[in-house]
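Same order as they appear, the protein sequences are chains P and H. Position one of the first sequence corresponds to residue 28 (my numbering), numbered consecutively onward. Position one of the second sequence corresponds to residue 9 (my numbering), numbered consecutively onward.
Hints were generated in silico from the structure; no laboratory data involved. If you're wondering where the values come from, they're calculated on a predicted model, not measured in any experiment. Hints are not guaranteed to be accurate.
[Unchecked claim] Across the chosen pairs, the derived CB separations fall in these ranges: (1) P:ASP113 / H:ARG42: 17 to 25 Å; (2) H:GLY425 / P:GLN54: 27 to 35 Å; (3) H:SER288 / P:SER122: 37 to 45 Å; (4) H:GLU222 / P:GLU58: 52 to 60 Å; (5) H:LYS105 / P:ARG117: 42 to 50 Å; (6) H:ALA36 / P:ASP50: 43 to 51 Å; (7) P:LEU147 / H:GLU222: 29 to 37 Å; (8) P:ASP50 / H:ILE200: 39 to 47 Å; (9) P:ARG117 / H:ARG216: 23 to 31 Å; (10) H:GLU301 / P:ARG117: 30 to 38 Å.
No residue lacks a Cβ here, since even glycine has one placed at the ideal position from N, Cα and C.
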Amino acid sequence: MTNIEAVQCGAIMHSPPTHLYIDSTVQEAIELLIEHHMYNVPVVDRNQVFAGEISVKRLIGLLLPVSLTMEKGLKNPGFMRESLEDIKRRLDAVSDKPIAPYVATDITVVYPDSPVIDALMLLYHKYIRIPVVDRNDGRLLGGISFITVLRALEGLN
Amino acid sequence: MTHPVSPEIILGLNPLWLSSGIFLVTYALLISERVNRTVAVMFGAGLMITSGIINQDDAFDGVDFNTISLLAGMMILVGITQRTGVFQYVAVWVVKKARANPRGILVMLATVTAVFSAFFDNVTTVLLIVPVTLLIVEKLEVSPYPYLFAEIFSSNIGGTATLIGDPPNIMIGSAVGLSFSDFISELGPVVICIHLTVLLLLYLCWGRQLKSSEEARTRVMAFDERDSITNPLLLRQSMAVMTLVIIGFVLGEHVGLRSGSIALGGAALLMLIYTFGRDSKEQAARVEEVLAELEWSTILFFMCLFMMVHGLQFSGVLDLLGQHLVEFTDGDLQATTFATLWLAAFASAVLDNVPFVATMIPVLQSIAPHLGGPEDMAPVWWALSLGACLGGNGTLVGATANIIVAGFAERAGYRIGFGRFLLIGMPVLLLSVLIATGYLYLRHFA
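Let the hints inform the model, and build the full structure from the sequences given.
Below you can see the structure in the form of structure tokens.
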């Protein structure tokens with residue numbers, strides 16, 4: 028009988044991943060997202076410990092009045108007449124502020140020794156990219172996306 | 009009225025003590041807020057029955073289904089109406105009528121909140137008005153605090169004016185047989201007076217600070233309220249049914265139709281219109297959608313509360329409390345009226361006014377013979393209503409609407425803490441209850 032070894036996330040993750048620091052500014056986050064055509068970016072502290080993710084969706088929220096993005100906020104703001112200047116004013120008000128308040132911290136992570144099937148299930152259900160962190164000190168080690176998995180499969184050929 | 013309690017009462021304990029114990033533990037759970045309020049009263053009602061203080065049939069008899077029907081009916085009517093965007097329409101319309109002047113907006117939005125709260129429940133009103141308000145103050149670049157406080161106070165004051173404005177009024181009206189017209193004619197004038205006085209107070213506190221640039225006002229004047237209407241046909245239908253329901257409330261009393269039947273009838277008619285002509289799948293989906301927004305936990309809360317209080321009444325505790333109240337006021341109608349008003353106001357500032365009023369109604373009913381009979385009790389019932397509704401303005405936890413607005417403010421980055429609220433809320437409570445005292449005196453005792 029042949030032993031089948033479950034492939035682990037550490038074996039296929041891309042590393043080092045593109046990331047932002049928790050004290051990076053909103054402007055820096057926007058530039059990075061544009062440069063890398065990403066929808067979300069992992070965020071770490073200065074010790075490289077994973078702190079969460081910043082997403083395009085969250086940044087779009089900064090362009091809107093808070094009464095539209097808050098829980099139980101206005102659902103139908105069709106009566107508003109917004110100009111580009113109005114939107115820019117809102118962005119300018121936060122562009123040099125740190126991204127910390129806008130970082131989502133409830134992000135599911137995997138570890139280098141987690142089975143790849145766990146990462147695949149997370150990609151299937153919810154995420155575009157899964158952070159891989161050190162099980163002991165929480166440092167960000169890499170990431171796994173659909174592309175990462177496909178590249179690993181190409182390697183088999 | 010004391011009823012014979014079941015001989016199977018648990019461990020042969022004194023029913024008076026046992027029922028009081030259950031009631032106090034439930035109240036403690038409600039005050040602590042560590043247990044959900046519906047779960048707390050379910051627990052209390054369940055213990056009243058399982059301990060043998062009251063049997064299940066008698067407990068069910070204690071449920072005031074007129075109140076339950078009125079609550080459920082109005083929830084359905086509001087649930088469908090709010091989908092049309094009419095509340096945002098009115099809010100934006102009045103803001104533009106005030107020429108986007110921050111001081112004018114304060115008066116207009118507070119008044120709209122008071123009027124909506126008189127006809128819809130206070131929580132729904134603030135849920136719909138506050139997000140529009142936050143948007144407008146952001147555009148005007150003015151502090152949101154005066155507006156948020158004005159809307160909190162106005163929701164509690166406006167809700168006092170009608171039978172359907174606040175749950176205590178629904179319960180009092182239902183238990184005592186006071187009609188929609190009785191509430192409007194008795195409480196309407198004093199509510200208008202209190203509303204204007206509180207507005208003046210807020211204006212004196214904040215009025216001078218409320219200024220905004222011409223550019224900011226132009227941004228608000230550019231809003232087009234017509235675009236808030238999402239479904240013009242449903243809006244017309246909802247308004248027609250709401251008008252019929254209000255007419256029903258006024259006329260129904262003359263033909264023996266109670267408010268609960270009228271509200272449920274109106275809800276049924278609007279649901280029929282909302283689903284008419286759709287295929288069965290779409291009809292089912294629409295009915296599910298409307299019923300999903302019904303606050304079932306609130307309805308269950310009321311039912312279990314009625315059962316629990318009925319248990320207390322069965323054991324004779326409420327008669328005993330009534331006797332003490334009569335001794336305290338010496339059986340004097342005027343003293344009882346003002347004692348009820350101030351007690352209700354302060355109790356409602358710190359407790360949920362619904363269980364308080366549910367308890368007070370049977371207590372006051374039991375003392376009616378000492379005060380000249382049920383016909384002479386009218387001022388006491390108005391005092392209970394005024395105290396219970398206006399008391400909600402005293403503290404942050406005095407009414408659910410207060411907590412909802414504070415939650416919105418917090419999410420928008422503005423904190424309304426308990427202390428800050430108390431500093432403004434308590435003077436508002438004292439002022440409004442003083443006005444209510446003067447009004448009741450002039451109307452009934454002068």
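Hints versus structure:
no.: 1; hint: P:ASP113 / H:ARG42: 17 to 25 Å; verdict: violated (44 Å)
no.: 2; hint: H:GLY425 / P:GLN54: 27 to 35 Å; verdict: holds (33 Å)
no.: 3; hint: H:SER288 / P:SER122: 37 to 45 Å; verdict: violated (53 Å)
no.: 4; hint: H:GLU222 / P:GLU58: 52 to 60 Å; verdict: violated (36 Å)
no.: 5; hint: H:LYS105 / P:ARG117: 42 to 50 Å; verdict: violated (27 Å)
no.: 6; hint: H:ALA36 / P:ASP50: 43 to 51 Å; verdict: holds (46 Å)
no.: 7; hint: P:LEU147 / H:GLU222: 29 to 37 Å; verdict: violated (58 Å)
no.: 8; hint: P:ASP50 / H:ILE200: 39 to 47 Å; verdict: violated (55 Å)
no.: 9; hint: P:ARG117 / H:ARG216: 23 to 31 Å; verdict: holds (28 Å)
no.: 10; hint: H:GLU301 / P:ARG117: 30 to 38 Å; verdict: holds (32 Å)
Going through the hint list in order, the structure does not satisfy hints 1, 3, 4, 5, 7 and 8.
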